[in-house]
Amino acid sequence: MKKNNKFIVTLFSIFLGLVVGAIILFISGYNPIEAYQVMFMGIFGSPKYISYTIVRSTPIIITGISVAFAFKTGLFNIGAEGQFIIGSIFAMIAGYLFKLPPVIHGLVAILVGALAAGIWAGIVGVLKSKFGINEVISSIMLNWIALYMNNYFLTFPLLRRPNSDASFKVLDTAKINFLGQWKVSEAGKAFLKDNKFLRELLNPPVNYGFLIAILLAILVWYILKHTTLGYQLKAVGYNKDAAEYGGINIKKNIVVSMMIAGAISGIAGATQVLGVEHQIGILAASQGYGFNGMAVSLIAGNNPLATIPAGLLFGGLTYGGGKLNSLIGAPSEVINIAIGSIVFFVAMPKLFEMFGKIFTRRKRGENLD
Amino acid sequence: MTTEKMDIKAIEMKNITKKFGDFTANDNIDLTVHKGEIHALLGENGAGKSTLMNVLYGLYTPTSGDIYINSKKVNITNPNIAIKNGIGMVHQHFMLVDTFTVVENIILGMETTNGAVLNIKEATKRVEEISKKYGLLVDCHAKIQDISVGMQQRVEILKALYRGADILILDEPTAVLTPQEIDELINIIHSLADQGKTIIIITHKLKEIKAVADYCTIIRRGKKIDTVKVEDVNEENLAEMMVGREVSFVTDKKPINRGKKILNINNVLIKDNRKLNAVNGLSLELHSGEILGIAGVDGNGQSELIEGITGLRHIESGNVILDGKDITNKTPFEIINSGLSNIPEDRQKRGLVLDFTIAENMILENYHKEPFSKKGRLNHKSIEDFSKKLIEKFDVRPNNPSQKVGALSGGNQQKVIIAREVTNNPEVLIAAQPTRGLDVGAIEYVHRYLIEQRDNGKAVLLISFELDEVINLSDRIAVIYEGQIVDIIDAKDADERKLGLLMAGGGVNNEKK
Amino acid sequence: MKRKLLALSLVLALVLSFALTGCKPTEKAPTDDNNVTNEDTNTPDDNDAEATDIKVGMVTDEGGVNDQSFNQSAWEGLEQAQQELGVTAKYQESHQEADYAPNFETLLDAGNDLIWGIGYKLADAALAAAEANPDTKYGIIDSAYGDDTPENMVGVLFKAEQPSFLVGYIAGRMTETNKIGFVGGIEGEVIGSFDYGFQAGVQYAAKELGKEITVLSQYADSFSDAAKGKSIATNMYQQGMDVVFHAAGGVGDGVIEAAKEQNKWVIGVDRDQSDMAPDNVLTSAMKRVDIGVYNIVKALKDGNFPGGTTVTYGLADNGAVDIAPTSDKHVPADILTKVEEIKQDIINGKIEVPVNQDTYDVFVEGLK
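Chains as they are written, first to last, in this note's numbering: chain D, 1 to 369; chain Y, 1 to 513; chain A, 1 to 368.
FYI, nobody ran anything at the bench for these hints, they're computed from the structure.
In this text, all values refer to a predicted model and were calculated from it rather than measured experimentally.
Where is the CB? At the ideal position from N, CA and C, for every residue including glycine.
Please note: incorrect hints may appear among the correct ones.
[Stated by the list, open to error] Covered, in the sense of this in silico footprint (three residues per stretch, anywhere, with C-beta under 8 Å from a C-beta of chain D), are these stretches of chain Y:
1. 373 to 381
2. 438 to 445
[Claimed, not checked] Some but not every residue of chain D turned toward chain Y, in silico, with C-beta under 10 Å:
3. Lys225
4. Leu229
5. Gly230
Extracted from the complex, chain D is given alone in its bound form (with noise of 0.2 Å):
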């Protein structure tokens, strides 16, 4: 019944983003029912949109799973953006130097760039334990150290493809791309082409990362929710001064959930590489894969499994959002705009709740009757 009803209200404020979004197309000259159209058609009109959508779902999903589960020890994990970069790269070296079968070359070098991002975002979570240092700002600055330290690793010699701005490209074996080696052979292709349904929803870099999305979400919620490990990191996040009083080790959780936090954002960004860009490239600005995953983990209410119909909704709306430029000629700040109220709207009984717990608790103690 409660659930129920969380579930009508998220609708409802779909719905109404939605109108607001046609509102600001409108008050900009644009047909809006054209321009849901174009949208709609943009996301399910054919196979291949459904696969690219995706496709451009997974790394937010992932990096929204990373920030809500940081949330939900009571970490605000700015930090995302900056683990995906570590993770990118780190799993774009072990694909292009690690000589190592297929399926297990593409683990492998998911695992490194976890890896390498846990480790990453475990400098935060020892900044914050040890020093007390928020963990928002030293987040912040380690996202431009991990962009610049992208840049470096792009100046060696023994990375960067020589008469281009970007690294190697992953080998084969590294790529997780489904049915990738298929794909392009000669029986898949003969047999593609006959096929076009397959053809076409095949034709993108469809990757296991959404699998891996999925596992991950589960994953998290089954630790948050299921095991000691879960228990401790929310009882810290929750009350930490309780936690500790209960004989709960506050310090090395902060830095074991930073950890854990990071890593996911890692395989965001180890995926992205390994299923759809297979290299990394010079980076004047910082990509949004993180600031985009913290809008999907607002969305879905900080809940892992949430995040996955959040990340397609984000995903979907960017995508399909993306091609108003080519098709009914608006400027991409209106649909910025436009999307940008619909993911508010979406996201406002959620902000509205937290707010109004954060009240309630500070009423509760006040009126102990």
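Using the hints, position chains Y and A against chain D.
Okay, now just chains Y and A, sitting in the frame of chain D:
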């Protein structure tokens, strides 16, 4: 008591009903308070007394019913209207700006100005006048963060008076005060009433009602039970009306069966947050089968002592031996597992994770043990079964293990902690302010469990600001003053006067060891 | 209650508007008069009837279409093609590298005949798209695949080192402190050609004047961080450099801003940037992406799309690369006359402008 003023009805609340959804917090309550009267409002936690006063102060709008001030019907929809009608309220939790001075806090919101310039001098003069008139002495220029809780309360009262209050509502005014401060407050209240102010005190402390109030209205489960003249009743009558059944004040204890020395605190030194020595070479011994009470005025090192023993605060020197095992500066985890449990002083801060369910809170110290978990995996079924058992045994309400603890009343929150800590079956149980903020029924409960613990041959270290409690429960009483134990006396020989003197440092010179 | 009413009316409004417009996705959705699109609004005359069928799309890099730099310039070329050639043009912005491929896909599905990738960063994605869709034409700016260029694709290169050499010469002649700065975007082949061409021009002038001029070159690691450009340039001016040349896209906005504040000379890039600071922009090394784009569209319309080749624009090719026409405002006539001579020497091949460290070293050796 100024009987000649008593025929003016300062407040009349008629047929007040306040509903929150399906829940009726006030059910058709009548309340009449005469001018110059001290009127107590008595009831258990959640009985509806605060709701009634919030209605009077305009914080809630009643579902039905009328309010008359000085026989004139008023419609109080917000606190500003209440203030205009001469009503002032001092909340249990003060609403003061810590970094402002006393005067600045008092005039906040109604500053005296010359044009746009604040006229502090003028304001100070007025505050001083009021403070002299009612015997509310304060240092006008001290900052709130530097003065004691009792002083802060005076500031709150002055704030109300400065706004022209004739009717003062005091919500649980003694909950945070030391015995001495309570005495001073009682004097102030009398002085205010003598000068024609009307006072309503919300409380559940029977002794204070006897000491200060003229009349008392008892509320139980949202209904008015009676209004009585305080002279005509005794504490037992009041308690019975409040709880709805007979309450025993005398706690039955078996004769003491003192066992071996179980906890040894040797010459410990513990610093407070400001790096000053809060516990200053304190030594204490605790035996199995006894309750050792620690009496003392707040801020004499009690909190630091408990935190030191339980591993939450670093012990600079000295040691703590539990059953022959050195637990000095061990982690809380190790100390708990050595057989020491603690009912923490601040239950919401330390004792409970408010966002966790009752069941989750019940296993806070044991989540890692079987049957609650195995190989890192929680067993929700056994956790729930365990919680259900405890909920039933300790009568926690509501009896739903999946209820978030934050939604429970203070008394039930405390029951969750006690259930958890007692079930640990510790050799030593430290109970810090175990009944703070609880009503009579819940207090009785807590006391029974502490004594049961003792009778089962365990040791209990009781730290409380309630002298009654310390005297009633303890076998021996240690008095703490400035971080040291100044004397230990047998509870049979103790009375409030004697303890009060020791607590104020009066015993230091002649009893120094 | 009030809120419910509001919600209800919003729902109604939306349902009604759906009902009125009709939900059916149509090939061409009804457009009302307010509907501004970037389609050509001129009614094409009869002669152009077949030309209006041509649809051209472009994919930007992360800079977006309003980057004041080559994405914008490319779009201006397409807009010009819309007006003069009657083609239909659309763009699709990228926000991340991962957007390139789906954006090519989107434009392909929209039925475009020619799809541009703007910038060498899109080279891989454009090549992949061209190979997968042999029936559609593709173009790429600032990149070439040599003999591997598919038949349905054309690469467009600009000899950016040539105008850079010319502005370098001007800088060398104008400097009083004998110290000159260069601010680059992100290190790489393309920006490198600006850098070395410019330095070579400076050294050419230095030799002519018989003095020593040093050039400090610094990279911002960005094409969009204007604040960084400003701080680098301010620093350069304070160290005594009195002319700074930038080849850094949006970063250059900050460089020009710094020149304005310090009242020093700055040299613009890509387009004539003198409008941004008329008193301080000495000249600009123009690289007219718009001309390159326009010419290819025109070739397509005329039926001679240069598929499978790489089109290179140099000083010889009618202003696709050059110095800004407003250069005479601040540069003395005698220097401009000399520039004109050098330009001819470059066109004739008498001067071989270097494009990287190796060729630059050879060039400097040759000056001695």
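Exercise. Which of the listed hints are broken here?
Worked result: 2
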